[in-house]
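K.L.:
So the chains spell out like this:
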Amino acid sequence: MNEKTSGSDYILEMENVSVDFPVKGFTAFLKRQKISAVSDVSLRIEKGQTFGVVGESGCGKSTLANTMIGMVKPTAGRVTFKGKNLFELDRKSFKKTRRDMQMIFQDPFSSLNPRFNVHDIISEPLLIRGDATEEEMKARVEELLELVGLSKDDIDRHPSDFSGGQQQRIAIARSIILNPDFLVCDEPVSALDVSVHAQILNLLTEIQEKLGLTYVFISHNLAVVKNICDRMVVMYLGKVMEGGSAKAIFDNPRHPYTLALLTAVLDTDVDKEKEEIILEGDIPSPIDPPQGCRFWQRCPHAMEGCKNVPVPEVEIERDHYVACHHVNGFPDTDLPEGYDRPVKTEEAERKDKSHPLKTEESVESKTDA
Amino acid sequence: MNREQTNENMLAVRNLKVVFPMAHGVIRAVEGVDLDIKKGESVALVGESGCGKSVTSKSLMKLLDTPPALMRVDDITLDGESLKDYSEKKMQDIRGRHMSMIFQDAMTSLNPVMTCGRQIDEMYMRHQGMDKKEARKHTIRALELVGVPEPKSRARNFPHELSGGMRQRVLLAMAFACMPKLIIADEPTTALDVTIQAQVLDVLRDMQRTHGVSLLLITHDLSVVSNIAETVYVMYSGKIVEKAPMKELFRTPYHPYSEGLLKSVPKLSDEGKQFVQIPGSVPHPMKKPSGCYFHPRCPYATEECRQSMPPLEKRGEDRLVRCFHPLKHDAKEAKTA
Numbered sequence: 001m002n003e004k005t006s007g008s009d010y011i012l013e014m015e016n017v018s019v020d021f022p023v024k025g026f027t028a029f030l031k032r033q034k035i036s037a038v039s040d041v042s043l044r045i046e047k048g049q050t051f052g053v054v055g056e057s058g059c060g061k062s063t064l065a066n067t068m069i070g071m072v073k074p075t076a077g078r079v080t081f082k083g084k085n086l087f088e089l090d091r092k093s094f095k096k097t098r099r100d101m102q103m104i105f106q107d108p109f110s111s112l113n114p115r116f117n118v119h120d121i122i123s124e125p126l127l128i129r130g131d132a133t134e135e136e137m138k139a140r141v142e143e144l145l146e147l148v149g150l151s152k153d154d155i156d157r158h159p160s161d162f163s164g165g166q167q168q169r170i171a172i173a174r175s176i177i178l179n180p181d182f183l184v185c186d187e188p189v190s191a192l193d194v195s196v197h198a199q200i201l202n203l204l205t206e207i208q209e210k211l212g213l214t215y216v217f218i219s220h221n222l223a224v225v226k227n228i229c230d231r232m233v234v235m236y237l238g239k240v241m242e243g244g245s246a247k248a249i250f251d252n253p254r255h256p257y258t259l260a261l262l263t264a265v266l267d268t269d270v271d272k273e274k275e276e277i278i279l280e281g282d283i284p285s286p287i288d289p290p291q292g293c294r295f296w297q298r299c300p301h302a303m304e305g306c307k308n309v310p311v312p313e314v315e316i317e318r319d320h321y322v323a324c325h326h327v328n329g330f331p332d333t334d335l336p337e338g339y340d341r342p343v344k345t346e347e348a349e350r351k352d353k354s355h356p357l358k359t360e361e362s363v364e365s366k367t368d369a
Numbered sequence: 001m002n003r004e005q006t007n008e009n010m011l012a013v014r015n016l017k018v019v020f021p022m023a024h025g026v027i028r029a030v031e032g033v034d035l036d037i038k039k040g041e042s043v044a045l046v047g048e049s050g051c052g053k054s055v056t057s058k059s060l061m062k063l064l065d066t067p068p069a070l071m072r073v074d075d076i077t078l079d080g081e082s083l084k085d086y087s088e089k090k091m092q093d094i095r096g097r098h099m100s101m102i103f104q105d106a107m108t109s110l111n112p113v114m115t116c117g118r119q120i121d122e123m124y125m126r127h128q129g130m131d132k133k134e135a136r137k138h139t140i141r142a143l144e145l146v147g148v149p150e151p152k153s154r155a156r157n158f159p160h161e162l163s164g165g166m167r168q169r170v171l172l173a174m175a176f177a178c179m180p181k182l183i184i185a186d187e188p189t190t191a192l193d194v195t196i197q198a199q200v201l202d203v204l205r206d207m208q209r210t211h212g213v214s215l216l217l218i219t220h221d222l223s224v225v226s227n228i229a230e231t232v233y234v235m236y237s238g239k240i241v242e243k244a245p246m247k248e249l250f251r252t253p254y255h256p257y258s259e260g261l262l263k264s265v266p267k268l269s270d271e272g273k274q275f276v277q278i279p280g281s282v283p284h285p286m287k288k289p290s291g292c293y294f295h296p297r298c299p300y301a302t303e304e305c306r307q308s309m310p311p312l313e314k315r316g317e318d319r320l321v322r323c324f325h326p327l328k329h330d331a332k333e334a335k336t337a
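These protein sequences, in sequence, are chains Y and W.
Residue numbers 1 to 369, in this note's numbering, belong to the letters of the first sequence in order.
Residue numbers 1 to 337, in this note's numbering, belong to the letters of the second sequence in order.
Each hint should be verified, as a subset may be incorrect.
As the list claims (entries may be wrong) - Dumping the calculated EDC-like pairs for lysine to aspartate or glutamate here, alpha-carbon to alpha-carbon at most 20 Å:
1) W:Lys328 - Y:Asp269
2) W:Lys267 - Y:Asp161
3) W:Lys89 - W:Asp65
4) W:Lys267 - Y:Asp230
5) W:Lys287 - Y:Asp161
6) W:Lys288 - Y:Asp161
Simulated from the structure, these hints should not be mistaken for laboratory data.
Using the sequences and the accompanying hints, generate a full structural model.
P.N.:
Pasting the structure below:
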């Protein structure tokens, strides 16, 4: 995103980050193939805020998260945490910086060692840091257990004695024991019962208020993201489709993919008329993705040229960016060589008329941009 | 809702009990459940993990391992036929042909070393005595029905070559292969993304409606239910706590647990940072509380609730509720306001 601000408010900045993974296999005589997991993503995360990353499985959410905390090295671009470029640090200072960033994973059961008891699980980060005595560790663990809503008496029990929600509470306690500033929550509630979702989400917001943490919240459910995120990006196949302030996006969703995600959220309101946009097909393979819009194969409004013309992110209103030819119109310049200016096909024209996103405003903002 | 729906019961279960005797005590997983599913009706069984939903569904198919499980039932009838005393051998003819099941995780319920097509072929060969060639023809048709693109080549794929949504469709095709009378779907979309979940539910609903198959959908997510079910049973800690037509339950839940489940679904229309939650968690099946099992988590609990278990009572037409203090609709509105 292109906003200009002083760097000091931002805890994490990513500039044009791309992550490619080479494909192993029989490619000796063929072109070397690669999976483009994250492609040209720039974002800034403000201190104390919650930043949402939304998309389907395979869209690069988790790779993005891993890059943020330095577990995956980007093929291009910079990741700056508190003003330091993560991938230029030496081993020692990286380790030190890494303490300030922690992660909560999706499935609490598989992320907790089944043979450790609660005390050992939660205190392990302290043990590794190596500057706390037994008593200090125990006191700290008890304090955290209470913070996450468990009891002191649970300290000797094992993960299998707890329900999924309680296990996730243990995982949260472990992640905050080193007093981090930055917490990446990778689908923290997806593996849990719906009735427990609210408990964990409320706990996370409570902890954020108490400790002043910055969250990156990864989810595929927009209803969850809506209520806790300040800013967010919607990703598809490694690219940002729509980004900016969460309020702007939910008040005025523009990208066809965001809209499809929004209508896919099921509701319990049986009296409300719902319009459903069911996307066809699955997320395509990220091996050699198209140069243009990566969503064109499943997009109900795809036009000719969407496949080939690169899509710029355009700010359509304050802090709301959309990367879609349909919303922004094709750029006049920057067409790759050999491409004529694309024309809307008849079918696209017809679909266009029924397009709920295409309003008078968007035509205006297109000309402004 | 369905043309073929009549008042006759496709499945009727009376007083189903399942216990697991353990070294430290007895786990009473299911405690006297009655279920009725009409012909062509779709019924949902809703509850949190650990409340006995899956044990119920497995015991209907007689898929529980006995031992360790012990199952007692007054009667199970499928289309007028009592399954209670059927032997394992006889059940094998029933499963797949008359009732079939869709499991949650498609990856673990498909055989990884057989092609998807082969696994569906088996259904036709085993139950309808077709030869390989004929079975494959039917398989391709079945895959087409559930919306698998290029069914011919997909049938030659192994499960790992397909995406999660496609695998779930293969399971749907398999379940619908012999057009059974009843399909039990145990959390069919929990492992899927929201967009794929919408696709799969769509297919499931269409197939169920067009072919007039009865459906028992098991889920913990009430928002899934709103798309597909006509009648909902809410289960808590091994007992049915409420039964109601879907729309009525969603508009006016009587049991506090149903209300909690409904409110805890995150909605796009929600404002503010707080989510509505049900405090606590499902009691351990070996340490169930006295009286009403829900009372430790219930905001309306009284002394009476702590003392004795409320009976499952009729309240209005087609509705049952197990609560001493069922919610009143106007009172509920006053509370939320």
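K.L.:
Hints first: check each against the structure and report whether it holds.
P.N.:
Checked hints:
1. Proposed proximity of Lys328 of chain W and Asp269 of chain Y is supported: the alpha carbons are some 19 Å apart, at most 20 Å.
2. Restraint check: the Cα-Cα separation between Lys267 of chain W and Asp161 of chain Y comes to about 31 Å, which exceeds 20 Å; the hinted pair is violated.
3. Distance check on the hinted pair: Lys89 of chain W and Asp65 of chain W sit about 15 Å apart at the alpha-carbon level, within 20 Å; holds.
4. Using a Cα cut-off of 20 Å, the hinted pair Lys267 of chain W and Asp230 of chain Y holds, with the two alpha carbons roughly 17 Å apart.
5. As the CA atoms of Lys287 of chain W and Asp161 of chain Y are separated by approximately 13 Å, the hinted pair is consistent with the 20 Å bound.
6. Distance restraint check for Lys288 of chain W and Asp161 of chain Y: the Cα-Cα separation of roughly 15 Å lies within the 20 Å cut-off, and the hinted pair is therefore satisfied.
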